[in-house]
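Between the sequences and the hints, there should be enough to build the whole structure, so can you do that?
Line by line, the protein sequences give chains A and B.
Heads up: the first sequence begins at 2 in our numbering, then just goes up one per residue.
Heads up: the second sequence begins at 4 in our numbering, then just goes up one per residue.
If you're looking for bench data, these hints aren't it; they were derived computationally from the structure.
No residue lacks a Cβ here, since even glycine has one placed at the ideal position from N, Cα and C.
Accuracy of the hints is not assured; some may be wrong.
Claimed, not checked - Not everything, but these chain A residues come out facing chain B in the computed CB check (under 10 Å):
| id | residue |
| --- | --- |
| 1 | VAL29 |
| 2 | GLY30 |
| 3 | TYR75 |
| 4 | LEU94 |
| 5 | ARG149 |
| 6 | PHE161 |
| 7 | GLU166 |
| 8 | ARG205 |
| 9 | LEU209 |
| 10 | CYS228 |
What the hints assert, rightly or not - DSS-like cross-link-like pairs, simulated, lysine-lysine; straight-line CA separation at most 30 Å:
| id | chain 1 | residue 1 | chain 2 | residue 2 |
| --- | --- | --- | --- | --- |
| 11 | B | LYS363 | B | LYS353 |
| 12 | B | LYS144 | B | LYS98 |
| 13 | B | LYS105 | B | LYS30 |
| 14 | A | LYS170 | B | LYS30 |
| 15 | B | LYS25 | B | LYS93 |
| 16 | A | LYS72 | B | LYS222 |
| 17 | B | LYS25 | A | LYS170 |
| 18 | A | LYS48 | B | LYS222 |
| 19 | A | LYS207 | B | LYS222 |
| 20 | A | LYS48 | A | LYS72 |
| 21 | A | LYS48 | B | LYS30 |
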Amino acid sequence: MTYVDSHGRTSVDGVDISVDRGQTVTIVGMNGSGASDLVHMALGFSKPTSGKVSIAGSDVFHTDVRVIRDKVSYAGIAIHVFRGTMRYNLDPLGDHTDEELLDICGRIGLNRLIDNMPDGLDTVVSDDNSMMSGGQRLLVILVRCLLRDSELYIFDDCFFSLDRETRVKAMEVIRERCAGRTVIFVMHDVSTCAVSDEVVLMDRGKVLDLGTHEELLERSDLYNSICSVGQGRKGSWA
Amino acid sequence: MGVIAYGRNALSRLEEYIGADKVSMRKCAVLSLTATFFLYIIPYICGQVLDWMISSTEGEGQIDLGTILDVCTLVFLLVVVWYVMTSHSKQIMSKISLATTKRMRVEMHSKIMRVPISYIDEMPAGDLSSRFTSDLTAVSKLISTDYTGFVVHITMVIAVLVLMMFTSPILGLIYLIMLPLTITIGRWLTDESEEDFAKQKEAVSELNSQMSDLITAQKTIKIENLDESVLAKFGQSNDEFTKAFIRSQTRSGMISPLASIMSNSGYLIAVVLGAVLLYNNTIQVGMFLTFMIYVRMVNSPLMMTVTIFDEIRSEMISLERILDILQVEDEEVPDPDDRFEIPDGRATFKDVSFSYVKGKEVLHSVSFEIRPGEITAMVGPTASGKTTVANLLMGFYKADSGTVEIDGQDVRSLPRDVLGRSVCAVMQNPWIFDGTIRENVIYNRTDLSDEDFYDVCRITGLDDYVRRLPDGYETMVGDDMKNVPLAQRRMISLSRAIIGNPKLLILDEAVAGLDPITGQAVFDRLKSRIDGRTVLIISHNEALISQADAIIDIEDGRVVQYRASS
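The following block contains the structure:
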């Protein structure tokens with residue numbers, strides 16, 4: 002699979018990977034490694050210049066795109082907060098009760114925000130007002146993604162503005178809600194690698210290596226240097 | 004006379020805004036009234052001549068042609084005077100209206116730069132933009148066409164009514180009694196549709212808001228398969244708009260036909276009564292005909308007044324919406340002043356409390372100092388008030404109590420240009436404008452040498468990214484997510500900030516989204532270039548925080564710990 006982006010840069014170059022149903026996979030790479038472009042193709046947003054992407058056996062570009070998107074939940078920085086109530090933003094289709102919403106928000110640490118809002122879940126929010134911090138905005142997007150019932154969950158570099166405690170909480174909720182489903186993390190750091198069945202290390206559009214966290218630690222220099230930056234100082238880079 | 008009262012009220016609101024030109028506008032109204040009087044007196048003269056002719060043929064059977072010629076000359080002169088006066092007044096009115104519209108546009112745009120950020124925060128984006136587009140267009144029309152039209156036509160109506168009274172006081176009185184009935188019915192309908200018009204405006208604004216949301220969130224809607232539900236919601240709002248539109252249009256549409264029925268029945272009554280009076284010799288043929296001409300003449304300006312009034316009513320709502328914005332109090336901004344100087348960007352918070360929304364305090368009596376020549380990290384859980392600290396340092400908002408100082412001077416007392424030069428921030432979601440990457444980095448520092456430019460881009464790691472693009476620094480970018488990845492948007496913004504050479508540099512999650520290797524390299528290069536500046540980083544990144552010279556822990560809007568470098 003090859004993909005040339007709008008700037009004419011070959012960002013994904015001859016990648017050939019498959020993720021089994023129910024697996025948790027982390028695609029890790031430095032900035033511009035092509036990991037994000039890879040999942041954009043899985044969502045049918047950009048068409049590979051050559052090659053094909055299939056989800057649950059159906060080719061993304063030859064199936065009704067809505068059928069595909071029904072099976073895939075995506076969370077990432079590019080997701081929009083709608084101008085609407087908090088309730089609408091967490092659950093646009095109104096599939097869940099308020100109790101369910103407040104329960105998941107409580108576990109991910111969003112309850113404090115909602116408690117502080119003038120009208121609780123009925124408070125109107127949008128991307129232009131200062132009601133939410135960058136981290137809270139991401140949490141709203143995470144909750145919206147997690148509340149959808151899908152076969153594949155993609156988390157595209159969406160933990161970076163969360164503090165460590167919130168991250169741990171978020172990971173717990175993800176593990177619970179996505180049990181038995183396929184999960185793909187796209188990351189710049191290795192924080193999700195240990196809990197993944199498989200790690201795909203990408204560099205300059207190519208798959209550099211593929212294996213478990215331990216296997217990669219053993220044989221890949223790049224993987225080791227991504228892991229070790231910041232260590233030896235206090236805390237990890239994330 | 005509800006219509007006139009409302010009209011006067013509306014126009015006085017407009018005149019208030021027009022200000023100094025108000026006097027010349029009133030002069031125009033008088034001028035046009037006089038001109039109209041000159042024009043409309045012609046049927047009266049003709050009627051008198053007709054009566055004179057009839058009475059003179061009854062007597063000697065001779066008509067003095069010289070007198071008729073004199074009358075013709077008089078009529079011709081009246082028409083000329085009417086023409087000159089009317090066109091002169093129209094010219095003045097047009098000039099005033101153009102100047103006023105222009106002033107309003109300029110004031111709207113500059114006002115939006117001066118209002119407190121919190122005011123814009125509270126207003127839905129679509130609402131704001133519809134004030135700038137459809138409302139402004141409506142008000143332009145009000146000033147340029149409808150205001151003048153209203154004044155001209157109402158003066159015509161008044162002139163004809165006065166002349167009617169002269170021609171035949173009895174018929175005139177009867178007609179005058181009919182008039183309030185027309186206006187009362189019109190007014191009743193007007194009041195009813197008033198509410199509909201407001202609802203219609205609201206519905207349009209809501210539709211605009213939804214439209215702008217639909218366009219910006221298009222990708223999200225597609226990813227989350229929300230097409231149908233979003234379209235259904237839009238359809239619902241659209242239906243509401245349609246209903247409001249049909250209601251208001253139906254009601255206001257009834258006004259003109261009703262006015263027409265009323266004036267035609269007025270004509271009918273005048274004809275019947277006139278005939279009776281003529282039969283009784285209370286009125287002469289000439290005056291009767293003149294009166295009938297007046298009844299016909301008053302028709303068109305009367306209808307026009309009612310129609311224009313209709314328009315003015317909806318335009319007045321737009322005017323109110325614009326005056327709403329223009330009346331917002333300006334943010335207090337000190338005048339540009341050379342006396343202010345920020346030598347090293349030392350930032351001090353003294354007992355600062357702050358809330359975006361009244362009653363929801365986000366910072367509680369916060370005090371700390373950020374020292375020059377150091378990198379200070381601000382740490383805390385999501386939504387603990389870190390970004391708010393940055394917003395206050397940049398003078399975007401006013402603290403509820405306490406002071407935010409830079410080098411001992413209250414931030415809010417510093418002129419904007421001084422603050423803009425000395426304090427630079429790279430925010431979580433940086434602003435990229437349409438242009439090349441180079442233009443985005445250089446921004447207003449056009450005097451920058453190539454050497455310095457590349458140097459800065461290397462510090463921020465932008466250079467590595469750009470070198471892989473076929474068009475390099477000439478690649479076009481825009482304020483659009485899919486064009487430039489967030490990490491690179493931050494690099495562009497960081498480069499722009501460093502090039503601005505600020506004394507106080509605030510980095511809000513500036514290296515978030517960068518991989519550890521790139522991020523650490525950027526941080527190392529940045530650290531070696533501090534040169535006595537003050538740097539505040541806001542971050543969750545523990546590795547980064549541990550490398551700062553001082554750490555401020557903030558939690559729930561309170562400073563819980565201050566750790567200076569060892």
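Going through the hints against the structure:
{"no.": "1", "hint": "VAL29", "in the structure": "holds (8 Å)"}
{"no.": "2", "hint": "GLY30", "in the structure": "holds (7 Å)"}
{"no.": "3", "hint": "TYR75", "in the structure": "holds (5 Å)"}
{"no.": "4", "hint": "LEU94", "in the structure": "holds (6 Å)"}
{"no.": "5", "hint": "ARG149", "in the structure": "holds (7 Å)"}
{"no.": "6", "hint": "PHE161", "in the structure": "holds (4 Å)"}
{"no.": "7", "hint": "GLU166", "in the structure": "holds (6 Å)"}
{"no.": "8", "hint": "ARG205", "in the structure": "holds (8 Å)"}
{"no.": "9", "hint": "LEU209", "in the structure": "violated (13 Å)"}
{"no.": "10", "hint": "CYS228", "in the structure": "holds (8 Å)"}
{"no.": "11", "hint": "LYS363(B) / LYS353(B)", "in the structure": "holds (20 Å)"}
{"no.": "12", "hint": "LYS144(B) / LYS98(B)", "in the structure": "holds (14 Å)"}
{"no.": "13", "hint": "LYS105(B) / LYS30(B)", "in the structure": "holds (22 Å)"}
{"no.": "14", "hint": "LYS170(A) / LYS30(B)", "in the structure": "violated (74 Å)"}
{"no.": "15", "hint": "LYS25(B) / LYS93(B)", "in the structure": "holds (15 Å)"}
{"no.": "16", "hint": "LYS72(A) / LYS222(B)", "in the structure": "holds (17 Å)"}
{"no.": "17", "hint": "LYS25(B) / LYS170(A)", "in the structure": "violated (66 Å)"}
{"no.": "18", "hint": "LYS48(A) / LYS222(B)", "in the structure": "holds (15 Å)"}
{"no.": "19", "hint": "LYS207(A) / LYS222(B)", "in the structure": "holds (26 Å)"}
{"no.": "20", "hint": "LYS48(A) / LYS72(A)", "in the structure": "holds (19 Å)"}
{"no.": "21", "hint": "LYS48(A) / LYS30(B)", "in the structure": "violated (69 Å)"}
Going down the numbered hints, you'll see the structure goes against 9, 14, 17, 21, while the others check out.
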